[in-house]
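Listed below, chain by chain, are the residues.
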Amino acid sequence: MTIQVTRRGFFKLGAAGLATSSMAMMGFAPEAAASSIRPFKLTHTKETRNICTYCSVGCGVLIYSRGDEAKNAHQQIIHIEGDPDHPVSRGALCPKGAGLLDYVKSPSRLKFPEVREPGTNEWKRISWEEANERIARHIKADRDENFVATDSEGRTVNRWTTTGFLAASASSNEAGYLTHKFVTSLGMLAFDNQARV
Amino acid sequence: MSNPQNILRRSATTTTPPQGRHEVEPVAKLIDVSRCIGCKACQVACMEWNDVRDEVGINGGTYNNPTDLTENSWTVMRFTEHENEQGDLEWLIRKDGCMHCADPGCLTACPAPGAIVQYANGIVDFDSDKCIGCGYCVTGCPFDIPRISERDSKSYKCTLCSDRVSVGLEPACVKTCPTGCIEFGSKADMITRAEQRVTELKGRGFAEAGLYDPAGVGGTHVMYVLHHADKPDLYAGLPENPSISPFVSAWKGPAKPIMSAIIGITAFAGFMHYLTKGPKDEPLDEEVFGPEGEDAYLREHTLSAPETEPHEPGRRSDHEPR
Numbered sequence: 001m002t003i004q005v006t007r008r009g010f011f012k013l014g015a016a017g018l019a020t021s022s023m024a025m026m027g028f029a030p031e032a033a034a035s036s037i038r039p040f041k042l043t044h045t046k047e048t049r050n051i052c053t054y055c056s057v058g059c060g061v062l063i064y065s066r067g068d069e070a071k072n073a074h075q076q077i078i079h080i081e082g083d084p085d086h087p088v089s090r091g092a093l094c095p096k097g098a099g100l101l102d103y104v105k106s107p108s109r110l111k112f113p114e115v116r117e118p119g120t121n122e123w124k125r126i127s128w129e130e131a132n133e134r135i136a137r138h139i140k141a142d143r144d145e146n147f148v149a150t151d152s153e154g155r156t157v158n159r160w161t162t163t164g165f166l167a168a169s170a171s172s173n174e175a176g177y178l179t180h181k182f183v184t185s186l187g188m189l190a191f192d193n194q195a196r197v
Numbered sequence: 001m002s003n004p005q006n007i008l009r010r011s012a013t014t015t016t017p018p019q020g021r022h023e024v025e026p027v028a029k030l031i032d033v034s035r036c037i038g039c040k041a042c043q044v045a046c047m048e049w050n051d052v053r054d055e056v057g058i059n060g061g062t063y064n065n066p067t068d069l070t071e072n073s074w075t076v077m078r079f080t081e082h083e084n085e086q087g088d089l090e091w092l093i094r095k096d097g098c099m100h101c102a103d104p105g106c107l108t109a110c111p112a113p114g115a116i117v118q119y120a121n122g123i124v125d126f127d128s129d130k131c132i133g134c135g136y137c138v139t140g141c142p143f144d145i146p147r148i149s150e151r152d153s154k155s156y157k158c159t160l161c162s163d164r165v166s167v168g169l170e171p172a173c174v175k176t177c178p179t180g181c182i183e184f185g186s187k188a189d190m191i192t193r194a195e196q197r198v199t200e201l202k203g204r205g206f207a208e209a210g211l212y213d214p215a216g217v218g219g220t221h222v223m224y225v226l227h228h229a230d231k232p233d234l235y236a237g238l239p240e241n242p243s244i245s246p247f248v249s250a251w252k253g254p255a256k257p258i259m260s261a262i263i264g265i266t267a268f269a270g271f272m273h274y275l276t277k278g279p280k281d282e283p284l285d286e287e288v289f290g291p292e293g294e295d296a297y298l299r300e301h302t303l304s305a306p307e308t309e310p311h312e313p314g315r316r317s318d319h320e321p322r
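Residue numbers (the working numbering), protein chains in the order written: chain A, 1 to 197; chain B, 1 to 322.
It should be emphasised that the hints constitute simulated quantities derived from the structure, not laboratory data. Note that this is a predicted model, so its numbers are computed, not measured. Among these hints, one or two may not hold up.
With a cut-off of at most 30 Å between alpha-carbon atoms, the simulated DSS-like pairs for lysine-lysine come out as follows [unchecked claim]:
hint	chain 1	residue 1	chain 2	residue 2
1	A	Lys46	A	Lys12
2	A	Lys105	B	Lys154
3	A	Lys105	A	Lys124
4	B	Lys154	B	Lys252
5	A	Lys41	B	Lys154
6	A	Lys12	B	Lys256
7	A	Lys46	A	Lys111
8	A	Lys96	A	Lys46
9	A	Lys111	A	Lys71
10	A	Lys12	B	Lys277
11	A	Lys111	A	Lys181
12	A	Lys71	A	Lys41
13	B	Lys202	B	Lys231
14	A	Lys41	A	Lys96
15	B	Lys280	A	Lys12
Kindly produce the complete structure, drawing on both the sequences and the hints.
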């Protein structure tokens, strides 16, 4: 279907268009009232203090999550930044710490214990109870087999050198003390800290 | 601040923004280039706060990562290896990004009403919703900062975290900086801090240390402390005397009202002609083509015309003399 426009009508439309555009150019354009460009995204989020998981500096972080803990609200971490009240870092974070949100959200993040049995190449999900049980069993078996009570000259040494322990770096003094106590009480000598890795 | 009552200037707008609430102290970010270790925490914090992520890029042979600013990387460390007069290597690392000029070239050049605004505290912000993606801000910027996204054809750059500043926080890059190279406060305080640091640097042998707050763009709300303030070009091409391109100033300055006036006068002249001479008295279609209308008229007259063959290109017309 063709739209019938008379020559006169066409010129009228053109003139109206020209007039409107020149009005707009001279500053008579109608405009919506300006609102703030981006609202602050942390209003009413829940703020949780924590320690960065990466290195031994142990910078303080603030974890912001959405949801006010109402029974139907499922909280979700939406932002992480430095804790200005933390004596170590006073709000600053290195590039790894500054990117903690992507670490939390990483698709390859390990969220539960897994085991790869001998002879397979597949990781199998296991429960925390099973994981603890298996680790304790391995520790006991290896210690029973390799614990050295005395050296060749009969001196008491009580050492166990076939298993090592690697502790986390961002431990509190209390956690560090307990870790040390546990490890040395077993006679373990290969004891290191992730801070040196 | 992103308070609409605190807007100093808006792009492509001739109406005056509200001027009543301007007792706002201008803010500034001070980047002490001599203290930067190039860790790029600011780049990460910027992305985390602004909800942007860049692609995993390629190694361009330098530590610059990404190699340039993009629509998702609003700040980039630019690494320069400089051999000084003593033959020692100096590693100059400059955090590049929007300078938040007091006289912003992007805002001057922008034709989209309200797409670029300047708040009373000095922050120059892009309202992406109003951006038309023309790229004039890129041309207008003396520091080559804005980048147009290929995905949505909008222009993006550092906002100086206007959303954080509006609620009383410092920008994300400032907060995260582990060496304290980036500081934030009132512009007056930042100038004082810079002066202290410049004195310190001069005492340590950097005789030409100084503050970079270029007057050509009215001063900036992101300032650098440079160890070689006499040669800003050393720092990955930081312009010595940045100013808005004369083409942009002329086109958006004197030329714009003249062109608008010409269009306005043309419309006015047409209207006056209509008033004085009246409309041209053209016959109606029915009077020319008869009561059946144009189609019927043409059909009739075309059929009765003697042997009018359809014209073919390259073939000589019968009406032309042989």
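Legend entry - Violated constraints from the hint list, given by number and in increasing order: Hint 1 contradicted; others consistent.
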